[in-house]
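Trainee: The lines below spell out each chain.
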Amino acid sequence: MKRFAWMILAPFSVQLAVLLAWYLLARFQVFPQTLLIPPLLVWRTIVDLWNSGDLQTHMGWSLRRVALGYGIGAGAGIAVGAALGSSRRLEAWFGPTLDIFKQVPVFAWAPMMIVFFGIEESSKLAFVAVACFYPVLLNTSQGVKSVQRKLLEVGEVFGLSPRETFLRIVVPSALPAVLTGLRQSIALAWMAVVSAELLGAESGIGFFMTYSRQLFQMDGVLAGVLLVGVVGIATNALFGAAQRWLVPWTREVA
Amino acid sequence: MNTKLAAVTQLLWTATALAGPAEIHLAVVGNPYDTPIATGIIGYAQEHRLFETEFAKDGIAIKWDFYKGTGPAINEGLANGGVDVTSYGDLPGILGKAGGIDTRLIVPGTVGQNIYVATPPKSNLHTLQDLKGKRIGYMKGTYLHLSWVRLIRRLGLTERDFKVFNLSQTEGVAALQSGHIDAYVGVNTFLDLATRGGARILYTTNTKDAQARELQGFSVVVASGKFARAHPDLLQRWVNVYVRAAVAVLDEKKRDEWICLTAKPGYPQDNIRRDLGENSFVEQNAPVFDERYLGKIRSGIHASLDAGLIRRDIDLAAWIDRSYLGRALRTEASSAAWAKGFPSLVASTTGSGGRP
Amino acid sequence: MIAKTISVAKGMVLPVLLVAAWAAWTSRHESLLFPTPWKSVVATMDLWRSHSLQGYLVTSLRRYALGLSIGTTLGFATGALLGSSRIAERFMLPNFNMFRQVPLVGWIPLLIVWFGLGDLSRVVLIALASFFPILLNTHAGFRQVPRGYLEVGEVFGLSGWEKVVRISLPAALPWIRTGCMLSLTFGWTILVASELLTQSNGGLTDILDTGREQFRMELVNAGIVVLGLLGFAFNFAATRIWSIGSLRWRSLNIHQSNQAE
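Chains as they are written, first to last, in the numbering used here: chain A, 1 to 254; chain B, 1 to 356; chain C, 1 to 261.
It is possible that some hints are incorrect.
Label-pair ranges, simulated between beta-carbon atoms [said to hold, decoys possible]:
1. C:Q144 with A:L238: 23 to 33 Å
2. B:R196 with A:W50: 31 to 41 Å
3. C:W38 with A:L160: 30 to 40 Å
4. A:V47 with C:E151: 19 to 29 Å
5. A:R3 with C:Q144: 16 to 26 Å
6. B:R273 with C:V19: 45 to 55 Å
30 Å max Cα-Cα, derived DSSO-like pairs, lysine-lysine [said to hold, decoys possible]:
7. B:K122 with B:K63
8. B:K57 with B:K163
9. B:K134 with B:K63
10. B:K340 with B:K63
11. B:K163 with B:K226
12. B:K68 with B:K163
13. A:K102 with C:K10
14. C:K4 with A:K102
15. B:K254 with B:K134
16. C:K39 with C:K4
17. C:K10 with A:K2
18. A:K150 with C:K39
19. C:K39 with A:K102
20. B:K264 with B:K57
21. B:K296 with B:K132
22. A:K145 with C:K39
23. B:K163 with B:K63
24. B:K63 with B:K254
25. B:K68 with C:K39
26. B:K122 with B:K208
27. B:K68 with B:K134
Calculated directly from the structure, the hints in this document are not laboratory data. No residue lacks a Cβ here, since even glycine has one placed at the ideal position from N, Cα and C.
Model the full structure from these sequences, guided by the hints.
Mentor: Shown next, in the form of structure tokens:
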């Protein structure tokens with residue numbers, strides 16, 4: 001019991017300390033009130049947003065964009081990754097090209113998307129899809145490639161058809177890597193959505209943060225930051241849980 | 001991580017406080033041409049290096065900062081101590097004050113800032129009602145924003161009735177031309193664009209219609225509270241220079257010079273001429289806290305509250321500090337015609353807007 | 001040797017074909033959105049000649065170097081600490097993990113208000129970006145040092161500090177290397193993000209911004225190429241550095257890339 005308490009309470013104590021410091025610094029106006037918003041004020045802003053329905057609207061838009069863009073990008077990543085991972089020939093011809101494009105820092109694609117698609121939804125979705133693509137691609141191809149020869153040979157011995165080999169050997173073998181890729185990707189996708197919205201949008205959490213900034217409502221900005229963070233943490237936890245459920249035999253480095 | 005940030009910022013602030021003014025930070029609203037040139041009375045002072053000359057005696061330099069993000073970005077500068085004095089729009093000033101930034105409104109700025117609601121040339125939208133539900137672009141937090149909000153209020157609409165994009169002037173023009181938005185609320189750059197057929201002006205306050213002109217924006221000259229408390233003498237001298245510049249340039253005979261000055265950042269002169277129209281630029285820019293100006297501020301604050309742009313009211317008496325201007329008018333503007341109509345303001349050092 | 005050349009050649013076929021196709025098609029149907037590749041080359045040369053490119057380079061690199069050095073140093077030190085002290089680990093690791101998941105770009109509006117539009121906000125962001133990968137990987141590296149090694153150290157009477165430097169550190173090197181490479185890449189990505197989201201800042205992304213505002217696609221293309229090349233160069237250089245001498249042997253572990261991001 002004491003061990004358990006120690007495990008849970010120790011990290012929490014740090015969080016509480018930080019919260020307390022924040023509260024005190026704001027209370028005694030160590031920094032101008034305009035810059036360091038009291039935590040309670042931020043909380044009240046979040047509650048107001050919830051009550052007025054704005055939070056749901058903006059969140060809804062952002063989440064919708066993440067889901068769509070992620071679906072496209074991750075889907076493409078899995079498809080291409082599986083293809084490249086299973087065929088050495090494809091890898092030889094197409095791999096280096098993909099490697100070249102991989103070198104470009106993902107955010108550099110944003111201006112191009114905006115020029116092509118304007119400030120429409122499509123530019124944001126395109127950007128998110130591109131952002132998600134590579135982590136999934138790399139991890140999937142890695143995962144498929146590393147399916148051990150032994151296992152495949154066992155499949156041959158049992159006379160499995162290519163389809164069965166794929167479903168019963170390759171997929172479970174590659175799954176841990178694929179899930180890692182998907183997990184890295186969703187974090188990047190969320191960042192991409194927020195960035196795209198910060199740059200040019202009429203809705204969404206990123207838009208809300210820009211809007212608050214223009215109106216010098218710092219509590220709105222801080223509320224936005226917190227909400228963005230909460231979603232990031234929640235999605236990561238979700239994926240972590242999914243990983244533990246689907247591939248309990250792997251151990252993750254954090 | 002919070003504690004590390006706190007330590008760094010605390011260090012920075014202490015450092016700046018101890019250093020004393022090696023420079024005075026003047027923030028100027030950026031223009032669509034990205035040139036480091038101010039307009040109006042401050043532009044005149046910049047051209048003739050009036051501020052520099054005045055403060056060179058004490059070895060204090062003037063640091064001109066041009067904010068591409070215009071008003072809203074200047075608010076951030078005021079909040080984190082990077083700006084000492086600035087002239088910027090009505091809404092940014094109101095937003096800043098209501099948002100808790102410690103500022104003092106020391107000199108009235110200009111009135112009569114027009115807005116132009118532009119659409120693509122072939123657009124089939126002809127009235128403001130047509131724009132409902134469409135994609136509108138403008139720079140949020142600027143005077144354009146407030147004027148727009150007041151305009152649509154008259155039609156019983158709010159911002160939520162449109163799809164609003166936050167776009168700068170250059171982005172707006174591009175978006176309009178590529179058809180990504182249906183209308184943009186901008187400044188006078190749309191005048192020659194319209195002449196060339198690149199856009200159509202659906203609505204503008206640049207008319208003789210009194211109702212429309214009511215929506216024109218104005219600007220405020222504001223000093224950071226910190227600077228005012230720490231260096232009231234320097235602030236007074238700054239205002240003196242401002243008034244001196246005003247006396248020098250505010251003369252109807254110098255109309256052409258004024259237009260040149262305003263166009264200097266890169267605006268086509270014709271635009272400025274048409275924007276000014278037949279109005280008196282002296283009347284528009286005379287630094288006096290007359291009833292017209294005070295009325296405009298009051299209605300601006302009221303409209304902002306109404307539209308939910310600010311959540312607290314502003315105590316105008318506490319915001320305005322007329323003492324600097326009063327002293328400056330007495331010493332510098334005794335000969336100016338535009339100051340003569342306001343003996344009470346020239347004579348008094350404290351008014352209902354005196355320093356607390 | 002021959003085989004290697006062939007495989008490199010095979011890989012280059014597609015890119016070369018793509019560029020050739022692009023050049024061929026745009027020379028006939030040039031449009032605003034699809035300029036010829038040559039235009040981008042010209043644009044880049046112009047930027048070089050007018051010394052703008054150099055200016056951009058210096059500014060961006062300065063931010064990158066500053067942020068990276070701060071972030072990796074702190075990340076490494078903290079990782080080593082968490083890897084050696086159970087107490088520190090218990091208190092801080094879950095918190096770091098949680099903080100890591102907050103998307104960095106979300107902080108930008110806040111950082112700008114606090115630190116202004118100057119370089120401080122960007123450097124802080126880059127430092128944050130490079131902090132976590134190396135923190136987590138150093139920690140993991142330290143934690144996987146076999147107990148046996150450390151016990152040998154105790155037998156020899158090594159102090160805690162000596163154990164860290166002479167046993168844990170070398171053993172954790174492959175992980176530290178991975179963390180370093182990840183920090184490098186992610187730091188560069190975030191540099192670009194921070195410059196894009198705090199406009200008009202004198203860095204390399206100004207090329208992209210100008211291209212976007214003035215609808216000059218060739219500038220956008222040029223910017224992307226420059227940024228990609230630099231990213232590649234940093235990666236390449238770092239890999240080389242890590243291959244020097246005994247570092248190469250130590251870090252040649254069959255180390256999967258599926259480590260913590």
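Trainee: Each of the hints needs a verdict: does it hold here or not?
Mentor: Structure-based check of each hint:
1. For Q144 of chain C paired with L238 of chain A, a C-beta distance near 27 Å keeps the hint of 23 to 33 Å intact.
2. Our hint of 31 to 41 Å for R196 of chain B and W50 of chain A is violated, since their Cβ atoms are close to 48 Å apart.
3. Between W38 of chain C and L160 of chain A the beta carbon distance is about 53 Å. The supplied range of 30 to 40 Å is therefore violated.
4. For the pair V47 of chain A and E151 of chain C, the supplied restraint of 19 to 29 Å is violated, since their beta-carbon distance comes to about 55 Å.
5. For R3 of chain A paired with Q144 of chain C, a C-beta distance near 23 Å keeps the hint of 16 to 26 Å intact.
6. Here the CB-CB span from R273 of chain B to V19 of chain C is close to 50 Å, well matched to the stated 45 to 55 Å.
7. A threshold of 30 Å between alpha carbons decides the hint, and for K122 of chain B with K63 of chain B the separation of about 45 Å lies outside it, so the pair is violated.
8. With a CA separation close to 53 Å, the supplied pair K57 of chain B and K163 of chain B exceeds the 30 Å bound.
9. The straight-line distance between the Cα atoms of K134 of chain B and K63 of chain B is roughly 42 Å, outside the 30 Å bound, and the hint therefore fails.
10. Only pairs whose Cα atoms come within 30 Å are accepted, and K340 of chain B paired with K63 of chain B is rejected, the gap being roughly 33 Å.
11. Among the hinted pairs, K163 of chain B with K226 of chain B is inconsistent with the structure: their alpha-carbon atoms are about 39 Å apart, more than 30 Å.
12. For the hint pairing K68 of chain B with K163 of chain B, the CA-to-CA distance comes to about 24 Å; that is within 30 Å, so the pair holds.
13. For the proposed pair K102 of chain A and K10 of chain C, the alpha carbon gap of about 18 Å is at most 30 Å, so the pair holds.
14. For the hint pairing K4 of chain C with K102 of chain A, the CA-to-CA distance comes to about 21 Å; that is within 30 Å, so the pair holds.
15. Among the hinted pairs, K254 of chain B with K134 of chain B is inconsistent with the structure: their alpha-carbon atoms are about 43 Å apart, more than 30 Å.
16. Using a Cα cut-off of 30 Å, the hinted pair K39 of chain C and K4 of chain C is violated, with the two alpha carbons roughly 33 Å apart.
17. For a cut-off of 30 Å, the pair hint linking K10 of chain C to K2 of chain A is broken: about 62 Å separates their Cα positions.
18. Between K150 of chain A and K39 of chain C the alpha-carbon distance is near 53 Å, which puts this suggested pair outside the 30 Å criterion.
19. In summary, the hint linking K39 of chain C to K102 of chain A is supported, as the alpha carbons are separated by about 23 Å, within the 30 Å threshold.
20. Between K264 of chain B and K57 of chain B the alpha-carbon distance is near 29 Å, which keeps this suggested pair within the 30 Å criterion.
21. Note on K296 of chain B and K132 of chain B: the hinted pairing holds, with a Cα-Cα distance of about 27 Å set against a maximum of 30 Å.
22. This hinted pair does not check out: K145 of chain A and K39 of chain C have alpha carbons roughly 40 Å apart, beyond 30 Å.
23. Taking the CA atoms of K163 of chain B and K63 of chain B, the gap is about 39 Å. The hint is violated against a cut of 30 Å.
24. Restraint check for K63 of chain B and K254 of chain B: the C-alpha separation of about 28 Å stays at or below 30 Å, so the hint holds.
25. Among the hinted pairs, K68 of chain B with K39 of chain C is consistent with the structure: their alpha-carbon atoms are about 29 Å apart, no more than 30 Å.
26. Note on K122 of chain B and K208 of chain B: the hinted pairing holds, with a Cα-Cα distance of about 27 Å set against a maximum of 30 Å.
27. Proximity of K68 of chain B to K134 of chain B is assessed by CA-CA distance (about 27 Å); at most 30 Å being required, the pair is judged to hold.
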